[in-house]
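Chains as they are written, first to last, in the numbering used here: chain A, 138 to 356; chain B, 1283 to 1737.
Hints listed in this document are in silico derivations from the structure and should not be mistaken for laboratory results.
Just so you know, not all the hints are guaranteed correct.
[As the list claims (entries may be wrong)] Only part of the chain B face toward chain A is listed, based on derived beta-carbon distances under 7 Å: (1) LYS1532; (2) LEU1535; (3) ALA1536; (4) VAL1537; (5) ALA1542; (6) LYS1560; (7) THR1562; (8) VAL1597; (9) LYS1600; (10) GLU1628.
[As the list claims (entries may be wrong)] Beyond 10 Å from chain B on every Cβ pair, some chain A residues (computed): (11) GLN193; (12) MET210; (13) ASP234; (14) PRO239; (15) PHE240; (16) MET242; (17) THR279; (18) SER289; (19) HIS301.
[Said to hold, decoys possible] Ranges of calculated distance between the beta carbons of each label pair, as one might list FRET restraints: (20) A/GLU355 to B/THR1654: 58 to 68 Å; (21) B/GLU1655 to A/ALA247: 27 to 37 Å; (22) B/THR1654 to A/LYS304: 51 to 61 Å; (23) A/GLY207 to B/ARG1596: 14 to 24 Å.
No residue lacks a Cβ here, since even glycine has one placed at the ideal position from N, Cα and C.
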Amino acid sequence: MRILVVEDDTNLNRQIKDALTEGGYAVDVAFDGEEGHFLGDTEPYDAVVLDIGLPQMDGLSVLEEWRRAGKTMPVLLLTARDRWSDKVQGIDAGADDYVAKPFHMEELLARLRALVRRAAGHASNEITAGPVRLDVKAGKVTVDGQAIKLTSHELRLLSYLMHHKGKVVSRTELTEHLYDQDFDRDSNTIEVFVGRLRKKLPEEVIHTVRGLGYQILED
Amino acid sequence: MRKGSIAFSLFWLSAGWLILALAGTAFLLTDLYSRALDTNLTNQLKFDIDTLSSAILDSTDPSFGDVSVNDPRFTRASTGWYWIIRNEFGDVLATSRSAVGSLPPALTGNFDADNYRTGILGDEAGNRIRAIERATTSNGRPLRITVTGNLDDSLALVGQFRGQTLTVLSAVGIALAIMSGIVARLALRPIDRLGKAIERVREGESESITGSYPREIAPLAEEVNELLRSNTQILERARNQVGNLAHGLKTPLAVLRNEAAAARDNPLSRVVASESEKMTQLVTTYLDRARIAARSTVVGKKADATMVMLRLVRVMQKLNQNVTIAFKRPDASLPWFRGDEGDLEEMAGNLLDNACKWSKGQIAVTMGAERTESAQMLVIRVEDDGPGLTEEEAQKALRRGVRLDEKTPGSGLGLDIVKELVDVYGGSLQLKRSVLGGLLCELRLPAAKVGLVRN
C-alpha cells in the first residue's frame, strides 16, 4: 500500500511519514499543494493524507483537481478548521474522511486503514484467504490460527494482494504500490519477495498468472 | 399619543399655536367690529348735527321749538339718543324730547379744527352714550349743538358678535386640531414603517432595510443598513481571525503531541504530552467560546434548515458507510431557521455525529414545526439504535449552567457546543428514548416567520 502525505509543516509531515512507514505503508511526501497535486496526479496511490491549508495551492483545490481528472483514490483530509461547514465543504470537494488537528496518530492510522479497506471493498479489519488471515489493524498474519513472522516488505506485498483478492495484480502495479518513489524499481525484487512469501505460506495461496502477474483467489 | 412622542409634541405645539392664533383673531375681529360700529355711530351723529344745524338756520322760533330730527329715538325718553342746543356759556336753549329728565352732562375739552369735540358720557338713566358737539353760529348767535347716541346698543352688538366669532373660531380650531393630529400621524408613518423594517431584520426575514423612505429619514435607514453591514463584516473578520488562530496553533500542537507520544518513556516527553494536551483543550474551549461570543449579536440571519440537514446527512452517510441514515425530506412549507447557517450545522452536525458514533446501523432524522404560545419553533429529531442514555445520564448531560468554561471540553457526548448554541438562540434540547432503541435528541429552534421566498 502506497500512501501520499501532503502537509506543509515539516515536523508533522515527518511524524506522519514515520508512523505510516511503521504501519507498513510505502510513503511519499509533498510539502506544498503543487507538488502534492503533481504526485497524486501521476503516481498510483492507495490513499492520500491531504492537509487543507497548503502553500501554492490549497488542499481543497488539489482534491477537486484530482477528482475532476478522474482520480478515485481515498483521500483523508487533515485540517485545523473543524467547523461543520468546513467538513461539508471538504467532503463535497471529494474527500472520503476528515481528521481534525491536533489528532492522535493512532486515530489517523485507524481512519486511513478504514479508507484503504473500504476502497478495496472490505468491511472488516480482517481479510482472509483460505487458511491465511490478515489483521489489517495489527499488521499480523496467521495461518490456521498460527502467527507467522513476516518482514515489512513481505507484509506489504501480502497485504496488497489480499486487499485486491480475486484480482490479477501485475508486477508493475505491485512495484508502484509497494515502494515509494525513491525506491530503486527493479521488478526482479518483487519476484524475490513473492518467492520468500510463498515459503512462509501454504502452497497455492499466491498464484502466478503467467505473463500477467500474481493473484490470491477468492474463497 | 403618549407623552414623550414626536406626534404628541407636534400635536401640542400646533394646537397651542392654533389656540393663540384663534384667540388673537377673535380679539382682533371684535375690536375691528366695535371700531366700525363706533365710526358708524359717529358718522350718524355728525349727520344728525348737520340736520339740526340746517333746521336751526331755518328756525323762526328763538327758543328752537320747531327744531327736530326725524328719528323716533330722539322722541322717546331716556333712550340715550339726545340732542341739546346750548349757547356759548353752556346754558341749555333746547333739547330733544328724549333728553327731558335725563339730561347728560356737558362735554368738556377743546374743539378740533372742524369745531367738533367728542366724548363718552353717562346719562341719568345709566346709559353709556357717545356724544358729539359742534360749535357753530346761527344768525350771528354762537351755538353748541350736541347729539348723543346710545353706546350700549353698539356694545350689545359687539358682545353678540364676539359670541358668534368665538363659536365659529372654536369649531375651526377643533377641526384644525384634528387635522394636525392626523397630519402628525401621517408625517410619522414612514418612521413606523422604518421600525417595522428593522423588526423584520431582527426577525431574520430580511438582511437589510428595504423600501424607499422620505428624504428626512432615508439617511437613517441607510445608516442602519450601514451598521448592519459593518456589524456583519466585523463578525466575519472576527471569525476569520479565530479560524486563523486555530490553524496556526493546532498544527504545532499536533507536532508536539505526536513527538511526545513517540517517546513516552522520556520524562520530558511526558511533560510535553500532558502540557500540549492542556493547550489543546484550552484552544478548543476558547475557540468555541470566541465563536459563540462573536455570534450572539448576529441579527437578520436565516437558514434553510432542510438544505442544511440534507447536506449533513449526505456527508455523514459518506463518512459512516456502516450505518443507514433515514431522512424524510419535509415539505417545502417547513419554516426556516432564524439564525446563522453555520450554527445550525454545528448543532445538528454534532447530534448526527453522536448518533453515528453510537449507532448499530440505524439512524433516523425527522423535521417538523411546532407552534408555541409565543413563537413558531423548528423541530429537528435525530435518533439512533445505540445504547441510549438512562434518565439520570440524560439529565447530567443536559444540566443547565454547566458551561464550556467550567467544564473540561472534549469529554462526554460533545453536547457542550450544542447546548451553548441552543441557549444563544433560546431553543431547547431534549434527550429521550428512541423507538429505535437508542437515544432521541430533540432540538427545538426559533423559526423564521413563514411565507419566505427561498433565495
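Hints and how they fare:
no., hint, result
1, LYS1532, "holds, 4 Å"
2, LEU1535, "holds, 4 Å"
3, ALA1536, "holds, 4 Å"
4, VAL1537, "holds, 4 Å"
5, ALA1542, "violated, 11 Å"
6, LYS1560, "violated, 12 Å"
7, THR1562, "holds, 5 Å"
8, VAL1597, "holds, 4 Å"
9, LYS1600, "holds, 6 Å"
10, GLU1628, "holds, 5 Å"
11, GLN193, "holds, 16 Å"
12, MET210, "holds, 15 Å"
13, ASP234, "violated, 6 Å"
14, PRO239, "violated, 4 Å"
15, PHE240, "violated, 6 Å"
16, MET242, "violated, 5 Å"
17, THR279, "holds, 25 Å"
18, SER289, "holds, 18 Å"
19, HIS301, "holds, 19 Å"
20, A/GLU355 to B/THR1654: 58 to 68 Å, "holds, 59 Å"
21, B/GLU1655 to A/ALA247: 27 to 37 Å, "violated, 50 Å"
22, B/THR1654 to A/LYS304: 51 to 61 Å, "holds, 60 Å"
23, A/GLY207 to B/ARG1596: 14 to 24 Å, "holds, 21 Å"
Figure legend: structure checked against the earlier numbered hints; hints not met, in rising order: 5, 6, 13, 14, 15, 16 and 21.
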